[in-house]
Every structure is written in structure tokens, then in C-alpha cells.
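2 protein chains.
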Amino acid sequence: MSAPAGSLLLVPNTLDLGAADAPDITEVLPFGVLRRAAALKHWIAEDAKTTRAFLKRVQAVVPLAQSLQATEIRELPQPQKGGAGAHGAAGRNEPRFDDWLAPALGGHDIGLISEAGLPGVADPGAAVVAAAHRRGVRVLPLAGSSSLALALAGSGLNGQSFAFVGYLPTDAAERTDRLLALQQHSRRERQTQIAIETPYRNAALMAALLKTLAPQTQLSVACGLSLPSGWCTTRAVAEWRRHAPPFEPPQPPSPAVFLWLGT
Amino acid sequence: MSAPAGSLLLVPNTLDLGAADAPDITEVLPFGVLRRAAALKHWIAEDAKTTRAFLKRVQAVVPLAQSLQATEIRELPQPQKGGAGAHGAAGRNEPRFDDWLAPALGGHDIGLISEAGLPGVADPGAAVVAAAHRRGVRVLPLAGSSSLALALAGSGLNGQSFAFVGYLPTDAAERTDRLLALQQHSRRERQTQIAIETPYRNAALMAALLKTLAPQTQLSVACGLSLPSGWCTTRAVAEWRRHAPPFEPPQPPSPAVFLWLGT
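Protein sequence lines correspond, in order, to chains A and B.
Going by my numbering, the first residue of the first sequence is number 1036, and it counts up by one from there.
Going by my numbering, the first residue of the second sequence is number 1036, and it counts up by one from there.
There could be a bad hint or two in this list.
As the list makes no split between identical chains, a pair holds if one copy fits it or if it spans any two.
[Unchecked claim] In silico SDA-like links for lysine to any residue, alpha-carbon gap of 25 angstroms or less:
hint	residue 1	residue 2
1	1246	1204
2	1076	1061
3	1091	1061
4	1091	1067
The set of hints was computed from the structure by calculation and includes no laboratory data.
Bear in mind the structure is a predicted one, so any value in this text is a computation, not a measurement.
Chain A extracted, bound-state conformation:
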């Protein structure tokens, strides 16, 4: 008789990667998630090192089912952020993911985890989830935060229609063209547009947004969500321009989410 099949558990991570003022893990993740994470022996991760750091925080609340050393952590190939890979689900047909899912067919649950937030949302995990669906492995998303959804809630912009557009082009002329097209789309569809940037480029993206977007466009910035130092602010572009500096990047740079709605 074979054991019941295991599931692919989508384990939310905290949003405080690298922050000096990271909250206690029980402030931001449900106890049920910590308990399930502590029981897992097989992991597929965006980054093995941050996964071990996560499991150490879990361990302080719920003892792990086995030592960290005995826990298997397979690391996903790095996507090219802002490059071609950011616009599609690169590696969707990656054959090794099928091998990595083999423990589930043998009755063991597998955890999938990102560096921050939900696996598969603005990160490389989606290809593993797609492989699980192809193989008939049950996919179980556990309760947790996405920084994009929290930033949208915090913005007060239209939450009935919104689009996440990932990273904008780094070339100035291309970025301007893209921003103008997205602003027009936002106006026509009354759709909030959401973008992210690598933290050390946040100030440059903010400058580009203020230069390019129309004065009456509503612009929201959410920075360091879930941190005591975190904040989110929404203003018309014209109003942001009157503030100097309009955006003080925290040190060390925190992940930020940028949202706008053309009116």
C-alpha cells in the first residue's frame, strides 16, 4: 500500500529581508504557518541561506522536525531581474523541477519559499508550482503577506482593478515611453499600476516617476512594509514635487513598491 501523496506547500516568508528592525516572526506570520514549516524536511527555495535564516526564526517558536543540517534545501536558478526572464515564467519547462517534486509522490510534503512574501509572486517560484500542477501534486498556498497586496491596500488607490508590471526598463528613454504608456492605460481602464525596483535604484525610479507622470496622477510609495520604520504615502505627483527630497531612501535600502493611478 502506498503512502498518501504529499503536497507542495507555498510557505510565505516575512517581508523584512536584511532589515535591522525586523519584527518578531509571530507578529507577521500565523502560528499555523510556523507549525507546518517546522514539520517540513524538503524545501525548494529562492535562496538557501535566507531559508536557513527563516527556519532559525521558526525554530525559536516551534521545534523543527529534524536538524537544520538534515533539512534538504534545493535552490532555484536565479532569474534575470529586469531582463527577459522578468516578463515571462522562465524555466517553466525546466525538467529538474519534476525530479525535485519526487518526494511528494513518495508521501512527503515539500515547502516552496521565496526570499520575501509569497513564492511565485514577483519571484522565480511559479515554474515549480506549474510543474506540480502538471504532475498532479496538490498545491497548498499557506496564509501570508504579499508586499504588492499590502502596498495596494495601503495606497487607497483603485483596488477593484490593478496590474503589477514588474520592473521598468533601466534605460531612461525606454522607461519614459513605458511609463507614459502605462499612465495612459491606467487612465483608460481606471487601473492602478504597480511596479518594483531593486532597492539601490529606488531613488532613481522615484525621480523618473516624478519627472514623467502627469501632475494630477496619484502616486503612492510603500517602503519597508511590516517594519517599525516602514511607511506608505499617497499624493498627487504635483504635491510630491513640492516636497524636497520627495523620497528619502532608508539605510540600508529597503524594498519599496510604487503605485500610480492616472486621472
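Since chain A is already given, all that's left is putting chain B on it; use the hints.
Then chain B, alone, in the frame of chain A:
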């Protein structure tokens, strides 16, 4: 000397509204959220009755700062789901929200809560958040799940580019036109499209998706997320069509999220 100003706390709700198999609240919400919710004396809510039910679940874990009877709950005006209100932030300039935020200026935190998931995401809360930003009231999104983000993670579809389009038209001809336009947009932008429906219309929407979308389009359904009976499945439309029935709506009807990616 005046008290420090209070904040508008965006309090996540569970995703199990009306479900017979609702999990324990500590399975799905962080202790930190329960502790902060228990301390609040002023609430703005999508629905007062479900907010009291939420506070009773909180109370089983953390004692409330005052009795439920003494807790002030103001109820948001109902939006027209699927109607004009669903495509914009209706009531954005509603003057009463400014009055409702007055306790924050007096030093009291205010909680904003939806019937399920995050306030302001696919619900009427955004107008209150916008009013808070206008008045300079600090907005603090607390860690919690959005069913849209969990469904996207669970889909394995493109999480680097996605759009939530809300409710589709109920008129069959209009819905077909809208679906074909969204499928074309999804193909061109490689953008996952996300829609919701009122639970009793889920089976009808599924039938329309299977009839209208191209056979090779990837279609994902997430139903009853966070419930023991919950599931999510992703298949090509052609494959869904080979299953009969393709979609068995649970009883009572659970909220479902529909996602597709044109290829």
C-alpha cells in the same frame, strides 16, 4: 500637550467567510495582528456583523480592550458589485470618512476591516484609506492574506506580470467580448488575468471561460483557499473541457478566484 496622533490600521480578515470548515484563527492570522485588533476601540468595516464575528474569534485568543458592545463599528456604504462602482473607487470624496477618521487626530488608532482578506483590495475600503492620506493620518497595513495573491501563487502562472480585472459583465455577449479582449491582452503582455465572481455564479463563469478562451490558454481556479476543503488547479482550457463536470461548486458556495494566461 496633545496626544500623539493615531493610525489607520488595515486589519486583514480571514478568507473563510461563512465556511462550515473555517480553520482556527491562529492558523491564518499572525498573533501580532490579533493583539493589535484586540486593542482597537474604533472600527470602520465593510460589514458590522462579520466584524463582530471576527472580534469574537480574536477574543478567544487575546482579551479585547473593551467589551464588544462598547466597540464602535461604523459600516461602509455598500458598493454596486459588478456595476459601475466596481470599476472605480466610488465614494472617494465621501465627506463622512473625514469625520470617521477624527478619532485618529485625537490619538486613537482606528481599524479598517473587510469581510475577507485585505481592506481596499477588491472591496470598498480604499476610499477610507484615500481619506486618511488626504488628512495626513498614518496608514499602517498589517500582515495578512489577499485571496487574489494566494490564488496567483497557487496558479503557477506568470507572477511577474498580472492584472486583477474584478467582476466580468453578467450579460453573455458583453462577457464574451471582454474575455476575448483580456485573452488578447494577456497574450501580448504575457500577463496573468485575474477575475472573481459572486459564489452562486461561479459555475456559470467557469462555463463561459471554457466556452470562450482558446484551448491552449492556461486556466487556473482557486476555491475555498485556507479551508481544509480548499483546492487550486491549473490546466489548459482543452484539458479542463475533457473533465466532466469541469467545476463542481462546493456547497455552500465558496469564493473562487479565476486566473488565465494566453499563450
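Can you tell me if residue 1076 and residue 1061 fall within 25 angstroms by alpha carbon in one copy, between copies, both or neither?
Close inside one copy (22 angstroms) and across copies (23 angstroms); limit 25 angstroms.
Is it within, between, both or neither when you check residue 1091 against residue 1061 at 25 angstroms Cα-Cα?
The answer is both: 13 angstroms in one copy and 21 angstroms across copies each meet 25 angstroms.
Identical-chain pair category, residue 1091 with residue 1067, by Cα at 25 angstroms
both (16 angstroms within a copy, 19 angstroms between copies)
Identical-chain pair category, residue 1246 with residue 1204, by Cα at 25 angstroms:
within (15 angstroms within a copy, 37 angstroms between copies)
Hint violations for this structure: none, all hints satisfied.
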